[in-house]
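J.: In the numbering used here, the protein residues as written are 1 to 569.
In short, the hints are calculated from the structure, not lab data. Keep in mind the model is a prediction, meaning the values are calculated, not measured. Glycine included, every Cβ here is placed at the ideal spot set by N, Cα and C. Treat each hint with caution, since some may be false.
[Said to hold, decoys possible] With a cut-off of at most 30 Å between alpha-carbon atoms, the simulated DSSO-like pairs for lysine-lysine come out as follows:
1. LYS433 with LYS378
2. LYS119 with LYS197
3. LYS279 with LYS46
4. LYS216 with LYS107
5. LYS460 with LYS492
6. LYS107 with LYS96
7. LYS46 with LYS244
8. LYS62 with LYS460
9. LYS62 with LYS433
10. LYS460 with LYS378
11. LYS396 with LYS424
12. LYS396 with LYS244
13. LYS460 with LYS373
14. LYS197 with LYS62
[Stated by the list, open to error] For each label pair, taking beta carbons as the anchor points, the in silico distance ranges come out as:
15. LEU255 with GLU358: 29 to 37 Å
16. GLN524 with ARG337: 46 to 54 Å
17. GLN531 with LEU255: 22 to 30 Å
18. PRO526 with PRO40: 40 to 48 Å
19. LEU255 with ASN496: 16 to 24 Å
20. ASP103 with ARG350: 47 to 55 Å
21. SER469 with GLU291: 45 to 53 Å
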Amino acid sequence: MVGSLYGTSVDHDRDIEHTIGELNRRIAGLQVQRSHAYVPPVFWAKDRGVYESNIRINTYGKPWIAGFRQVGVFDNNAFATAWVTICLLEAGQYGKGAPVPGDEPMKLALELINSHHDKNSPPGNGAVNFWPQTLNHSSGLWVSQPTNIISIISLLDDALPWDLIEKVCSILGHSSEVCELLKFLQGARQELFPAFKIPADFDDTFVNIGLGSLLKQLSKRYPALYQLWESNNTNTGSAFELLKTYAYRPLSDDLANVIDPRTYYYAHRFLEKANDEGKPVSLVTTWMVYENTTSFIAWVIESGTMTSRPDLALTYYPSRYNFYWFVARTRFLIANRIARGDLPAFPSLRLVYEQLNEVLQSRVTTDILAEAKTEGGKWAYFDDFLGGADETWEGKPKNSADDRLFTTSMAVNALIATWTTQDKATGQLTWAKDTPVDVIRVVDQAVSWLAEFILSDDYKPLNAFFSGSVKGTSTMPFYYPMNFLEYVNGTKIPLNDTHIDLDSSVVLAMSGVVPQEQYKKMVQEPHFGHQTPTEFPGYSNSVFPFWSSAAYTYASTLLTLSQFLNLAT
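Just need the whole structure built from these sequences, with the hints factored in.
T.: Here's what the structure looks like:
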C-alpha cells in the first residue's frame, strides 16, 4: 500500500510545503495581538490571543440578499481559538512540513482560553465558557456573553424604522427574502439576548481538556506551554464530576431524565431500545457516559440520523464533516496505541475503538465518498450548505460554495483519521492494508484541489463551525412532542395550555422514555398549533446565525496538507 495512487513528485511536495508556510503566516495574521474595547462604529472589541471568528447570518438567494452573508461581527470566543491551536499542534505531531508553532502565539492562545475559565467556580476548575465573562454587580455572578453582537443588535433595534419596514413587508410579502432577514433582525433582541447569556458548557470544557492532553504528549517539546496550561487547570477532575452530575439519564426517576424535545425526537428509537433491553443509559448533554455515549454516536451515524436529520442531531454544529473528523480523531488516537501495543488496560477503550472503527470505515466512509465531486479525474472537492442556494440576478441557481475549502479539508482529515495509524518508529502515517482504493484516490484529488485553491481568491474561507440551535421551523422545540411543561420556578403548566408565552421562563421537555406506539401518536398530534416537522428541509430555507472562522479553515487545511506529506509511500 502506498500513500498516493500516483506517487508524489519532489516539486509537488515543495509546492505543498510552500502553501503550508503561507497558511501559517495567514493564521498568525488572524490572531489578535493587543486587546481593545468596542468603539462603535469603528472598532470591535477584541481580546488579546483570540483567533479571528465572526458571527454571520445564513442568507441566500439573489446577490443583494445573499451578499449579507459576508457581513460578520467579530466574536471573542474560546472555541475557535482552541481548535485552531489544536490543528497547529497536531500538524507538527502527525504531519510533515509544518512550521514549529511559536511559543509566543501559543502562549497568547492559552492565556486567552485560560481567561474563559468559569469565574463562578474556584480557581483551577475545569469548566470553560464559550465567551468571556463580565461581573453582574447586582447578582454578584459572572455572566458569559458576546459584547460585539449584543451592541450591534441593540443599535439596530433602536435605529431601524420598524413600523415602516412592517408596511413595506406587507406589500412585498413577509416570506420574501429581504423581509425574512428583517424579521430575524427585529426579533433578535428578544430571542437572542437570553440565549447569549450562557453558563460554562461541556463542549468548551472538554475541548480545553483535550488541548491539555495534547500538550502533555508534547510536553518535552513545549515544556513551558504545558506548564502554563497545567497551572491554570489544577482541578480538571471537577469537570468530570460535573459531567456525571448533569448527565442525561432517561431511565432514572428524577429530573435527570428530562431532555430537549428535539433531541428526544431524533434519539427516541435508541432510547426505546435501551428501555426494552433494560440497559441503563447515561449521556453527556452539551450543558457521556463514555461507553453509552460512544454507542449513541455510533447509532446516530449507522441509523442514518446524521444525514436525515442533521438539523436536530447536530444542534449547534451543522457541518457533519466537522463532526466526522471529531469522531475519527478518537478512533485515530486509540488505533495508534493499539498499534504500538500500549493501550491502557481499560476495557472501555477497546469497545470504543471497535464501535467507532466499524461505523467510520463503513457508513461514514461511504457517505464521504458519495459526496465527493470530481473534475476531470484531477481534483475532488466537497460542499456543505453555505452559498448552496444562491441565485444570479436573473434568478438562476448558483452555488457560491462559500464553505468548499473548509469542507474539503475536513473530509480529508476525517478519511485520514479513519484509515491510518502513525508508525511509532518513523512517525509516518500508514494506510491500513484494507483501505479502499477510492479513499486514497479521493484524498489525493482533494489535496491537489486544496493546494490549488486554498490561497486563491476563487473561494471564501467560510465555515459554520457553530450555529444557533434554531434554524427555521424544523428546529423549533415546541413543535415536537413533550410531556414536561413548567415555569423555571417549578410551577406546573397543563400540557394542553397552548396560550402561554413561550419565553425563557418556560421549560418544555420530554421526561423519561415513553412506549413506541404512544410516542408515534404524540408525533401525529399538533403542538401549540403546529405539526411535528418529520423531515429535514435543508439549511438554505431559513435565516439563522452561524459562526465562521477563516483561521480555522486555514488551520484545518494546514493539518490536511501536512498529514498528506507524512503519508508513507
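J.: Of the hints given before, which are not true for this structure?
T.: Of the numbered hints, 3, 5, 7, 9, 11, 12, 14, 20 and 21 do not hold.
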